[in-house]
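There are 2 protein chains.
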Amino acid sequence: MAHFSGKVLALAGGVGGAKLALGLSRILSPDQLTIVVNTGDDETFHGLHVSPDLDTMLYTLAGLSNPETGWGLAGESFRVLEMLNRYGADTWFNLGDMDMATHIRRTQLLREGATLSEVTAELCLKLGVQHRIIPMSDDSVRTFIGTDQGELAMQDYFVRLRCEPTVASVSYMGAEDARPSEGFSHALEEADLVALCPSNPLLSTGPILVLPTVREELARKRSGRLRVAVSPIIGGAAVRGPAARIMTDLGHDATSLGVAKMYQDICDTFVIDEQDAKEAPAIAGLGVKPVTAPTIMNTEEDKVALARIILELGGGFQHDE
Amino acid sequence: MAHFSGKVLALAGGVGGAKLALGLSRILSPDQLTIVVNTGDDETFHGLHVSPDLDTMLYTLAGLSNPETGWGLAGESFRVLEMLNRYGADTWFNLGDMDMATHIRRTQLLREGATLSEVTAELCLKLGVQHRIIPMSDDSVRTFIGTDQGELAMQDYFVRLRCEPTVASVSYMGAEDARPSEGFSHALEEADLVALCPSNPLLSTGPILVLPTVREELARKRSGRLRVAVSPIIGGAAVRGPAARIMTDLGHDATSLGVAKMYQDICDTFVIDEQDAKEAPAIAGLGVKPVTAPTIMNTEEDKVALARIILELGGGFQHDE
Chain U
57 MAHFSGKVLA LAGGVGGAKL ALGLSRILSP DQLTIVVNTG DDETFHGLHV
107 SPDLDTMLYT LAGLSNPETG WGLAGESFRV LEMLNRYGAD TWFNLGDMDM
157 ATHIRRTQLL REGATLSEVT AELCLKLGVQ HRIIPMSDDS VRTFIGTDQG
207 ELAMQDYFVR LRCEPTVASV SYMGAEDARP SEGFSHALEE ADLVALCPSN
257 PLLSTGPILV LPTVREELAR KRSGRLRVAV SPIIGGAAVR GPAARIMTDL
307 GHDATSLGVA KMYQDICDTF VIDEQDAKEA PAIAGLGVKP VTAPTIMNTE
357 EDKVALARII LELGGGFQHD E
Chain X
57 MAHFSGKVLA LAGGVGGAKL ALGLSRILSP DQLTIVVNTG DDETFHGLHV
107 SPDLDTMLYT LAGLSNPETG WGLAGESFRV LEMLNRYGAD TWFNLGDMDM
157 ATHIRRTQLL REGATLSEVT AELCLKLGVQ HRIIPMSDDS VRTFIGTDQG
207 ELAMQDYFVR LRCEPTVASV SYMGAEDARP SEGFSHALEE ADLVALCPSN
257 PLLSTGPILV LPTVREELAR KRSGRLRVAV SPIIGGAAVR GPAARIMTDL
307 GHDATSLGVA KMYQDICDTF VIDEQDAKEA PAIAGLGVKP VTAPTIMNTE
357 EDKVALARII LELGGGFQHD E
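Chains as they are written, first to last, in my numbering: chain U, 57 to 377; chain X, 57 to 377.
Treat the hints as calculated values from the structure; they're not laboratory data.
Hints should not be assumed to be uniformly reliable.
Within a straight-line C-alpha distance of at most 16 Å, the following computed EDC-like cross-link-like pairs (lysine to aspartate or glutamate) qualify [claimed, not checked]:
{"id": "1", "chain 1": "U", "residue 1": "Lys182", "chain 2": "X", "residue 2": "Glu138"}
{"id": "2", "chain 1": "X", "residue 1": "Lys182", "chain 2": "U", "residue 2": "Glu245"}
{"id": "3", "chain 1": "U", "residue 1": "Lys277", "chain 2": "U", "residue 2": "Glu245"}
{"id": "4", "chain 1": "U", "residue 1": "Lys182", "chain 2": "X", "residue 2": "Asp146"}
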């Protein structure tokens with residue numbers, strides 16, 4: 057069977073990132089793949105530490121995620137939340153019962169002194185996830201959205217207000233003083249291939265890239281390392297989520313080309329959907345190699361196929377005899 | 057309708073206490089009744105503050121308790137606990153999903169700086185409980201059981217080890233430095249009738265009575281105040297729980313007389329079950345007035361009937377208009 061022999065670092069946000077990461081995990085062995093996940097969306101609900109993107113990744117790789125939504129767990133119930141609602145708590149953030157256990161456990165372990173990296177490794181271990189899922193940082197970084205309805209915490213904007221406000225700015229509170237997690241730094245050094253997953257460039261990969269040293273390190277052209285990004289925009293619209301709208305609000309073009317411009321200093325190859333083939337010449341004009349491929353990932357086969365294309369770009373498929 | 061016009065303070069532990077308190081609450085108006093509850097059983101599970109006796113009282117008065125067990129909520133599910141188990145957490149303490157919401161909310165409010173009294177008032181308000189349920193103290197008191205299997209926290213002994221170890225001692229860690237809660241002190245001053253509910257005298261009323269000033273205050277004979285205790289022992293056995301065994305282990309007689317001896321300095325009248333009528337003379341010999349009554353409370357009618365007997369001892373039934 058064909059295999060890629062190098063080390064891969066995937067940078068991911070929520071559902072789109074988890075889809076590609078799942079594809080990569082189906083091809084790569086656990087020691088080959090490190091998935092670094094955005095924690096700028098983390099929030100405290102009911103006194104519990106919720107890490108939405110880490111959980112989406114965890115549940116996806118554990119085979120437990122809700123196939124309807126891409127986030128949350130399949131077969132969830134909402135008894136805890138109903139009772140919290142009865143107690144007058146704000147319950148606009150939809151936390152299921154099994155999901156609540158994740159937040160309870162994470163919060164307990166954090167309070168006992170574990171780092172978020174350690175907690176995440178423990179949750180992965182217990183759910184049988186063998187590939188490394190690592191938070192971008194063990195320090196607190198919080199994405200805030202400046203809008204026409206005021207400065208909003210990420211989940212406030214994203215879930216409570218359903219991305220309705222017009223966005224004037226995005227900031228990453230704490231990022232300046234946050235260090236990339238040890239696992240992230242290590243993977244960044246080792247990686248033969250860095251994959252920027254098809255995630256929101258402002259809200260998902262943005263917080264990761266703004267961490268001290270990360271963008272600088274990724275911006276270095278290094279022999280033997282390929283940097284591949286996958287566009288989260290297809291045909292001028294985000295596959296899911298508010299990426300296109302936010303990009304427009306902030307003066308970017310909500311196109312694959314627009315995303316390529318945001319990544320041009322940190323990527324060698326930019327994968328766009330076949331629908332956007334017409335943008336390839338302009339992307340090439342940025343000094344980034346455009347590659348067209350089917351990038352919509354509905355089935356597991358789609359996810360594995362896109363992962364395979366990315367790994368092939370890395371030149372790494374040999375035949376295991 | 058007949059009514060008792062004075063103020064009542066009920067001291068209660070778990071299920072037995074909640075039964076009598078429910079009876080009292082059906083007769084007395086909210087401003088007449090204060091229920092002070094043992095918190096020596098409180099424990100931290102999964103990083104959450106669990107107050108088993110407060111919750112039993114809360115759920116009972118809210119009409120939400122599980123009629124099969126007397127504790128917990130009717131119609132509970134256990135999804136959170138199952139997932140916590142999957143994460144490798146100790147899950148021998150059976151916490152339901154709706155119950156978990158109580159602990160999540162309580163822990164959150166405590167962490168935000170509220171006292172346990174304030175949190176309890178808030179939970180009562182939200183569940184529509186109008187009678188005051190007050191923790192014995194806002195300070196931490198923890199009941200420990202010295203046993204042949206070592207020194208055990210209360211829930212360790214009671215739930216995990218199912219009361220199986222032989223008991224050598226009972227201690228109340230933190231009690232010396234704990235103050236009775238403000239609501240408790242106030243009710244203690246005001247009460248025309250103090251009712252010691254049929255709860256375990258060592259594990260349930262014990263922690264309440266050992267708080268500084270409480271026993272001294274209750275030991276004072278005060279004109280116009282009646283102190284009534286109800287025996288938790290019937291026919292030499294506890295109605296429920298390990299009271300009889302622990303009393304025996306610690307050298308007390310596991311009889312109503314044995315309980316009367318433990319309370320003789322703080323009660324005027326001691327209510328024993330009709331089955332124990334033969335113990336009445338010996339109880340009278342302690343200087344405590346024995347009263348026989350049906351004390352097994354299965355139905356709501358039983359609970360109200362026993363409450364009514366206690367209130368009548370207080371001389372307080374007059375006819376309205």
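Please write out, lowest number first, the hints stated earlier that are contradicted by the structure. The structure conflicts with hint 2 only, although it agrees with all the remaining ones.
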